Amino acid sequence: MKEISILKKVLERGEFAVTAECGPPKGADPEVVLKKAELLRGKVDSVNVTDNQTAIVRMSSMAAGVLLKSIGLDPILQMVVRDRNRIALQSDILGASALGIRNMLCLSGDHQKFGNQPQAAGVFDIDSIQLLKTVKDMRDEGKIIGGDALTKAPDMFIGAAANPFADPLAFRVIRLGKKIAAGADFIQTQCIYNLDRFETWMEMVRERGLTEKCYILGGVTPLKSPGMAKYMKNNVAGMDVPDELIKRMQGVSKEKWKEEGIKICVETVERLKSMKGISGVHIMAIEWEEAVGEIAEKAGLLPRPVIEYSEN
Amino acid sequence: MITAEQKPMDEIRQMIAPYKKILAVGCGSCVAECAAGGEKETGALASALRMACKMAGDDKIIHEKTLDRQCVKDFIIQLDDIIKDYDAVLSLGCGAGVQAVAEMFNEIPVIPALNTEFLGETREQGLWVENCLGCGDCMLFYFGGVCPLARCSKQLLNGPCGGSKDGKCEVNPDVPCAWQNIIDRLSNYNALDRLEIIYPPKDWSKKYGSGPRKIIREDQKK
Chain A
1 MKEISILKKV LERGEFAVTA ECGPPKGADP EVVLKKAELL RGKVDSVNVT DNQTAIVRMS
61 SMAAGVLLKS IGLDPILQMV VRDRNRIALQ SDILGASALG IRNMLCLSGD HQKFGNQPQA
121 AGVFDIDSIQ LLKTVKDMRD EGKIIGGDAL TKAPDMFIGA AANPFADPLA FRVIRLGKKI
181 AAGADFIQTQ CIYNLDRFET WMEMVRERGL TEKCYILGGV TPLKSPGMAK YMKNNVAGMD
241 VPDELIKRMQ GVSKEKWKEE GIKICVETVE RLKSMKGISG VHIMAIEWEE AVGEIAEKAG
301 LLPRPVIEYS EN
Chain B
313 MITAEQKPMD EIRQMIAPYK KILAVGCGSC VAECAAGGEK ETGALASALR MACKMAGDDK
373 IIHEKTLDRQ CVKDFIIQLD DIIKDYDAVL SLGCGAGVQA VAEMFNEIPV IPALNTEFLG
433 ETREQGLWVE NCLGCGDCML FYFGGVCPLA RCSKQLLNGP CGGSKDGKCE VNPDVPCAWQ
493 NIIDRLSNYN ALDRLEIIYP PKDWSKKYGS GPRKIIREDQ KK
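If you read the protein sequences in the order shown, they are chains A and B. Residue numbers for the first sequence, in this note's numbering: 1 to 312. Residue numbers for the second sequence, in this note's numbering: 313 to 534.
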């Protein structure tokens, strides 16, 4: 039986892909993961499993990813370079492949300063672009860093993140190009609230021919409240939330905040669906997995294509 | 140079508590430049300790002596004749100075009065900044004279990350984004093409590969 990446199949078929996020718990209970994951069943193609996001200690992304697989979902294993050196990272890539995980998202990771272990040493032995190249070389050449041959190459659909809203803007596209050259098969972007800036960025991405070389999934996060919008604008690194959106959230009564948040999100997804070079959406409903199905439904993304999880 | 800052008074007093006769040893090099352990600071610390002890009814004897360089044996030997009069040395050298003194005088405790911080520069009066890790394999040519290993919070050789905003680092808005600096400098002399290179993983063996490092120069030996 050969495991496959559902995300890869969907994208290769030319269908508009949908991914979401499942954050592992701050505890050892597998039921928490399975319950969250059940909410996503049938609503998305593949599910990102975050790796100690915001540098807070949580159940390992590999373990949670295997739990997702056990109930027939397709995990995207997020892997950050903050906590492990090149020996541990390469070992985990092999382990993930052996356990049937077929997607990986290579990230630098939030700095340890932001989490609940600010006294930890940040490893950063390699960076996210070097990690991409490492996975690609392991998969395509069967070789690890330094050139030693593997007895069996891992099988991974390789992803990277891109933040169109960070500075300097012109260099953002060069860096995306580097990520694709290093090995990224797909890209998931930072949450998009500023669609104008995103369009500008996409134009530059298309000009460089990058949409021909890689699938780009636009990231969205439904707002729960005007407070959340303001918090993201002011306190979350690399976020761009325009004032109009904050005003729009402020303009509705408290009981309608979530509804409005979902509405904004659906409108963004609609724009993304018609944007040239966008192959899908990545819905990051933080601790609000119920919203994913609703957004997918309202944005006309359901039903999801049926793809056999394993094939002979 | 190597930068350092004085430890809190309470911590120093706790460490010297068991000893009666203490020699505070300053250093006239890097730690003098960063106003942590030069002749002036050594005198000030010794006076402050004498005062504090006196107020507490503790009859410690604290003398001071500043060497031109506390990490060079040829200077440390100046302590040869006087050290026997003391039960402890309170060193205002950097970590290298403390250890060089300890290496030479096996019988006597050497107590650090400073926290050694980093390899850096004096940017302006009262401002010292870190800019070198001592990695043993300098790559500054590629990065416009700005070291991403020492100055990027995530040590990215292929930066900047998604947290660079308005030229500042996400980890601390007081910290300039090293990658913004690199891009600005490279664009000033038309070398932006270096940014397209995918730099391979750093060879850390030059720093960590065989334990503590040493330099041996036969041509310099007597």
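Derived from the structure by calculation, the hints contain no laboratory data. Hints may be right or wrong, so weigh each one.
Cross-link-like lysine-lysine pairs, in silico, DSS-like; alpha carbons within 25 Å at most [to be verified]:
1. Lys480(B) x Lys230(A)
2. Lys143(A) x Lys518(B)
3. Lys224(A) x Lys263(A)
4. Lys319(B) x Lys233(A)
5. Lys230(A) x Lys477(B)
6. Lys113(A) x Lys319(B)
7. Lys319(B) x Lys247(A)
8. Lys477(B) x Lys233(A)
9. Lys113(A) x Lys477(B)
These numbers come from a predicted model, not from an experiment.
Verification of the hints:
About 20 Å separates the Cα atoms of lysine 480(B) and lysine 230(A), which keeps this hinted pair within 25 Å; it holds. For the hint pairing lysine 143(A) with lysine 518(B), the CA-to-CA distance comes to about 23 Å; that is within 25 Å, so the pair holds. With a C-alpha separation of about 11 Å, the suggested pairing of lysine 224(A) with lysine 263(A) holds against the 25 Å cut-off. About 39 Å separates the Cα atoms of lysine 319(B) and lysine 233(A), which puts this hinted pair outside 25 Å; it is violated.
Restraint check for lysine 230(A) and lysine 477(B): the C-alpha separation of about 17 Å stays at or below 25 Å, so the hint holds. Between lysine 113(A) and lysine 319(B) the CA atoms are separated by roughly 23 Å; this keeps the pair inside 25 Å, and the hint holds. Only pairs whose Cα atoms come within 25 Å are accepted, and lysine 319(B) paired with lysine 247(A) is rejected, the gap being roughly 50 Å. A hinted pair counts as satisfied when its Cα atoms are at most 25 Å apart, and lysine 477(B) with lysine 233(A) qualifies at roughly 12 Å.
As the CA atoms of lysine 113(A) and lysine 477(B) are separated by approximately 17 Å, the hinted pair is consistent with the 25 Å bound.
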